[in-house]
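Asker: Put chains W, Z and F on the given structure of chain R with help from the hints.
There are 4 protein chains.
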Amino acid sequence: MIEHSLNIRVPYADTDPMGFVHHANYVRYFENGRAELFRAFGLNYKDIEESGIQMPVLSMQVKFLNPAFYDDLLTVKTFIREEPRVRVKFEYETYNQHGLLLNTAEIVLCFMKKETKKACFPPENVRKIISELFQK
Amino acid sequence: MIEHSLNIRVPYADTDPMGFVHHANYVRYFENGRAELFRAFGLNYKDIEESGIQMPVLSMQVKFLNPAFYDDLLTVKTFIREEPRVRVKFEYETYNQHGLLLNTAEIVLCFMKKETKKACFPPENVRKIISELFQK
Amino acid sequence: MIEHSLNIRVPYADTDPMGFVHHANYVRYFENGRAELFRAFGLNYKDIEESGIQMPVLSMQVKFLNPAFYDDLLTVKTFIREEPRVRVKFEYETYNQHGLLLNTAEIVLCFMKKETKKACFPPENVRKIISELFQK
Amino acid sequence: MIEHSLNIRVPYADTDPMGFVHHANYVRYFENGRAELFRAFGLNYKDIEESGIQMPVLSMQVKFLNPAFYDDLLTVKTFIREEPRVRVKFEYETYNQHGLLLNTAEIVLCFMKKETKKACFPPENVRKIISELFQK
Chain R
303 MIEHSLNIRV PYADTDPMGF VHHANYVRYF ENGRAELFRA FGLNYKDIEE SGIQMPVLSM
363 QVKFLNPAFY DDLLTVKTFI REEPRVRVKF EYETYNQHGL LLNTAEIVLC FMKKETKKAC
423 FPPENVRKII SELFQK
Chain W
303 MIEHSLNIRV PYADTDPMGF VHHANYVRYF ENGRAELFRA FGLNYKDIEE SGIQMPVLSM
363 QVKFLNPAFY DDLLTVKTFI REEPRVRVKF EYETYNQHGL LLNTAEIVLC FMKKETKKAC
423 FPPENVRKII SELFQK
Chain Z
303 MIEHSLNIRV PYADTDPMGF VHHANYVRYF ENGRAELFRA FGLNYKDIEE SGIQMPVLSM
363 QVKFLNPAFY DDLLTVKTFI REEPRVRVKF EYETYNQHGL LLNTAEIVLC FMKKETKKAC
423 FPPENVRKII SELFQK
Chain F
303 MIEHSLNIRV PYADTDPMGF VHHANYVRYF ENGRAELFRA FGLNYKDIEE SGIQMPVLSM
363 QVKFLNPAFY DDLLTVKTFI REEPRVRVKF EYETYNQHGL LLNTAEIVLC FMKKETKKAC
423 FPPENVRKII SELFQK
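These protein sequence lines are chains R, W, Z and F, in that order. Numbered according to the numbering used here, the first sequence terminates at residue 438, and the numbering increases by one at each position without gaps. Numbered according to the numbering used here, the second sequence terminates at residue 438, and the numbering increases by one at each position without gaps. Numbered according to the numbering used here, the third sequence terminates at residue 438, and the numbering increases by one at each position without gaps. Numbered according to the numbering used here, the fourth sequence terminates at residue 438, and the numbering increases by one at each position without gaps.
Chain R with its partners taken away, still in its complex shape (with noise of 0.2 Å):
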């Protein structure tokens, strides 16, 4: 299991009227937390992306448990429990900074060659790091 942890400090600009973090703002936090978590281990999406592949969400899942308020310390943690091959699941858990839990979601994305569009396996630096860190 890969698992890595990204504080995010909530904006003003991220809250309602009823003073909660608006559900939509977590996709994007989301989105940080697995970027961060690339760049723990060694990658980063902006090189793959340049490589050619690129990752679109195919499915998000996202349930809400507690909600975040204006200036509350996040954290996000992100995991990958299974071996990614052309799907990678992230799960996510947002901890506010009581230790409250506030959601949970299962994200899909793939990896796809940019010229085709078509699914593929993850490119070969990315698919090594990934296998070394699951034989650990």
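If several chains are the same, the list does not tell them apart, and a pair holds so long as it fits within one copy or across any two.
Straight-line C-alpha distance at most 27 Å; calculated DSS-like pairs for lysine-lysine: (1) K430 x K419; (2) K348 x K416; (3) K430 x K416; (4) K348 x K438; (5) K420 x K430; (6) K348 x K419; (7) K391 x K348; (8) K391 x K419.
Hints were generated in silico from the structure; no laboratory data involved.
Answerer: Here is chains W, Z and F on its own, set in the frame of chain R:
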């Protein structure tokens, strides 16, 4: 069943370097879809909120089948297939201008008392309108 | 002078804990305003971009006079008062459903060759349409 | 003069089909910049708001010199050069990881009583902290 269609012209700001509508933006389109469904049936989310009831999102799941691009003219179809009680399930289908199905979604909200932040039944005027629609 | 009006229903996601439309969102409304002005006069920003010309924003200034609220029906008036050359200045006035002026803005864009990222004159079809409009 | 620097890693969601950070997003970065400036000097915008004072934006102007790209590590420098009274002018300079100046901005906010929506002087604790900073 209650059904409503909303047209949305994809703004430049909503698209990403892949040229696709960024997946977080559909969550906002779905919110607009249910606001306009409510309006079409004589309800107004703003009035509901001013009467002391808020409607937080409990869960959402989206399956992405095809991307939308800048300037596409989308049709967001919003459905309520089950008579709402404390919870309301909105189902969605998004199509582009060629009739291609882009994604499907289910988003569950609940009615909540603003003061107590406790889940509650819909206010009487909302319940009555919805109930009549489901008896047709 | 070229002028165009666009109606925008304020989405919940665009409002903040003050109940106001968050100021960053007007920047997106203005972008929609100029896209629809272009369309109304037979131009399409998507076509311009596909012809190899992009239009980055060089500067913007906005004066906020009154707030907009959730569910307000805004009218974004977009004006081009000077015949565009390499640069195009869009001027804006936003009104709410009561005719109250909410803000004014000036946003300057330029035409830029996608390949070279150098500023350039508008493509011939754009130049011709605009020129005819200014000669009326 | 009060000065503060905030680092922002550009998220994928904030970039557009040109590959550039969409210009509306800088407005959100600037908001984060002033929140963190406040925090660095012992003030907290959330506390200010909870004490019954809000800070709406009166005007903004931004000059864009160079674009930012996905995954760039930006430095948003926020300055207060004049001692605030009813109004506070925040000035900004955004740099990328190569030290290139990307844009400059001026954003003017005011202090406003939440109840009456009338402009007002800053609350005493805010006034005192700022005043001491300007006397140094």
